[in-house]
Amino acid sequence: MAQTRMRLLIGKVGLDGHDRGAKIIARALRDAGYEVIYTGLHQTAEQVAATAIQEDVDAVGLSILSGAHNTLFPKVIKLLSEKGAGDIVVFGGGIIPDDDIPGLLAAGVAKIFTPGTPTSDVIKFLEEEVAPKRANAR
Amino acid sequence: MADSKKPAGGRARWEKETLGPHIEKHPERDVEFSTVSSLPIRRLYSPEDVEGLDFDNDIGWPGEFPYTRGVQPTMYRGRLWTMRMFAGLGAAEETNARFKYLLKQGQTGLSTAFDLPTLMGRDSDSPLAEGEVGKEGVAVSTLRDMEILFDGIPLGEVSTSMTINAPAAVIYAMYLAVAEKQGVPLKKLRGTIQNDIFKEYIAQKEWIYPPEPSVRLIVDTMEFSAKEVPQWNTISISGYHIREAGSTAAQELAFTLADGIGYVQAGIERGLGVDDFAPRLSYFFNSHNDFFEEIAKLRAARRIWARELRGRFGAKDPRSWMLRTHVQTAGCSLTAQQPMNNIVRVAIQALAAVLGGCQSLHTDSMDETLCLPSEQAVTVALRTQQIIAEESGVANTIDPLAGSYFVESLTSEMEKQALSYIRKIDDMGGIIKAIERGFPQREIAEAAYAYQKQVEEGRKTIVGVNKYVAENEEVPIPLLKIPPEVEERQRARLAEVKRTRDGKAALSALHDLTAKARTTENLMPAILDCVRAYCTLQEMGDAMKEVFGEYRETSVF
Chain A
7 MAQTRMRLLI GKVGLDGHDR GAKIIARALR DAGYEVIYTG LHQTAEQVAA TAIQEDVDAV
67 GLSILSGAHN TLFPKVIKLL SEKGAGDIVV FGGGIIPDDD IPGLLAAGVA KIFTPGTPTS
127 DVIKFLEEEV APKRANAR
Chain B
879 MADSKKPAGG RARWEKETLG PHIEKHPERD VEFSTVSSLP IRRLYSPEDV EGLDFDNDIG
939 WPGEFPYTRG VQPTMYRGRL WTMRMFAGLG AAEETNARFK YLLKQGQTGL STAFDLPTLM
999 GRDSDSPLAE GEVGKEGVAV STLRDMEILF DGIPLGEVST SMTINAPAAV IYAMYLAVAE
1059 KQGVPLKKLR GTIQNDIFKE YIAQKEWIYP PEPSVRLIVD TMEFSAKEVP QWNTISISGY
1119 HIREAGSTAA QELAFTLADG IGYVQAGIER GLGVDDFAPR LSYFFNSHND FFEEIAKLRA
1179 ARRIWARELR GRFGAKDPRS WMLRTHVQTA GCSLTAQQPM NNIVRVAIQA LAAVLGGCQS
1239 LHTDSMDETL CLPSEQAVTV ALRTQQIIAE ESGVANTIDP LAGSYFVESL TSEMEKQALS
1299 YIRKIDDMGG IIKAIERGFP QREIAEAAYA YQKQVEEGRK TIVGVNKYVA ENEEVPIPLL
1359 KIPPEVEERQ RARLAEVKRT RDGKAALSAL HDLTAKARTT ENLMPAILDC VRAYCTLQEM
1419 GDAMKEVFGE YRETSVF
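If you read the protein sequences in the order shown, they are chains A and B.
So the mapping is simple: the numbering used here equals the position in the first sequence, first residue as 1, plus 6.
So the mapping is simple: the numbering used here equals the position in the second sequence, first residue as 1, plus 878.
Hints were generated in silico from the structure; no laboratory data involved.
One thing to keep in mind: the hints can contain errors.
To be verified - Derived DSS-like pairs (lysine-lysine); straight-line CA-CA distance at most 25 Å:
(1) LYS1194(B) x LYS1065(B)
(2) LYS978(B) x LYS1065(B)
(3) LYS130(A) x LYS1345(B)
(4) LYS130(A) x LYS1194(B)
(5) LYS89(A) x LYS130(A)
(6) LYS1065(B) x LYS130(A)
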């Protein structure tokens, strides 16, 4: 059986309305052949976690440019694992200072992409980090 | 005669005799000669490129219709542009201190950045505000915060710009209430509220209510101010965010002016005379990397607005025809990589804004892709403006680039492209209809994606990002951090206000606001009563939401 395409959720959590990056990533990943769902704006962490589970995605990419990353990333990860979906990979991007990245990685974020990242880096990450996990799970 | 020795044949001859043989031996660089917006640029501009232009009608004289050369007769020889640095961080105390610092450094106007919860009409204690309080700007939930924000700043003497949109009427009322407390007559107040909801639906996405009630609130502020606060700019029609969302320069110009046309239309539909409110409309544009494109955009903006106001709306007062604009350098053009390079980008963009004839200017700080500006970074940015103003000599003469074959031709090209979009939007039934169809949103998303692809393919250069990349770079500048205590302090103050205010008076003011929202009455007086009773931003928003409902977007990507 041919393996199904990777399913991804691109999410905007909190009140942050900066959606240029999220939309570009969503489009680039769709063009690269993934199945992409975009949450739209102003979602709570609860809504994003629920959508991720309901849509049975392989990974969630969160875009945060408001400075609330240290609060919102860990919250989504905690909610996913509480609902038994800790296997869903969480990655993200936005205006995130280098100093905050180790803390986010320790909290379970798989990868943080900072401004200027080419979309091809995100695709490379998905192929190298997320695709093998799917192969193992199936 | 000397003239007879001049070679005849013009451009064709030059191309054949001089250019042709040269280019054969020395080909041009293998790059796309186009603006950052992908507008193709020709090798050379000469008189034939401006043949259709009529000096008096199209270019004209400064301070006169169609204002291509600027809105004031003397421009910067009379008064330099207002140097207005956008500031807002933490709670009201921190921003108040930054305001006082900037005024001491020679800044001439205040500009307030609010945090996200405030921009979305949410109080600092709302669950959705978690982690966001004071992060992107100052948190203001009640009049108490506003009193602290402007403590020790005489509101009769400064001009204050406030970047606030969906809850603009409420924040504006809070500012007016502070002025009352300082004993300053409202007629003396000068400043601007952004109050531009169309670009929120199009680009910035900080909305509360659907378009119709949102426009009603905006017209309420216009009507109220025309009588009570005559020196106040009631809308700052903003292209800035449209550009930041990834539009081209021509799209920024077109959608912003289409928004402006929408507001004038709404005012007229309310029964206001166009000349009673149009002079208080102002603009806010972006200044991006492409130097000449930005200059042309600002010159074209003035020409189009003047013609639309006189032609479409029949405005008689020259002040209605004038497009006055604030400009901010392009945050989206700055890079996290090699952040010092941003100083140079900002200087070029600021110079374009000045040569384009702006009335006020914010220069971005080098660290804005990493954090809120530190004091050191914001000082360099302000000094950049002061160097342009007082060292470069560009402020010595009016509209120095007028008459350049290139600049005039590009100005006309920007005008042409913008008018074609504006016509399309007219055909859709106006800007609200276009927004509901997702037209500007889709055009911008397309442009943003196309640009990203060009960058990734190396067809557009971003120094330090896709060319001249530094390995293992360390950020060489100190970053500003907002301590988490700010959120706690702000929530504690809000709780204190709620505990100590006259709860009955607050509740009755809120009921009255809901009741008035059901009528067609101007809501400013009822909002002011709520503010004076220390109702919170969110309480007032909820009181109106009961009647107005909430906006929901269908996302396109």
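Hint check results:
1. LYS1194(B) x LYS1065(B): Holds, because 24 Å separates the two Cα atoms, which is no more than 25 Å.
2. LYS978(B) x LYS1065(B): Roughly 24 Å between the alpha carbons, so the hint for LYS978(B) and LYS1065(B) holds.
3. LYS130(A) x LYS1345(B): holds, 20 Å
4. LYS130(A) x LYS1194(B): Answer violated: LYS130(A) to LYS1194(B) is near 61 Å, above 25 Å.
5. LYS89(A) x LYS130(A): violated, 28 Å
6. LYS1065(B) x LYS130(A): violated, 60 Å
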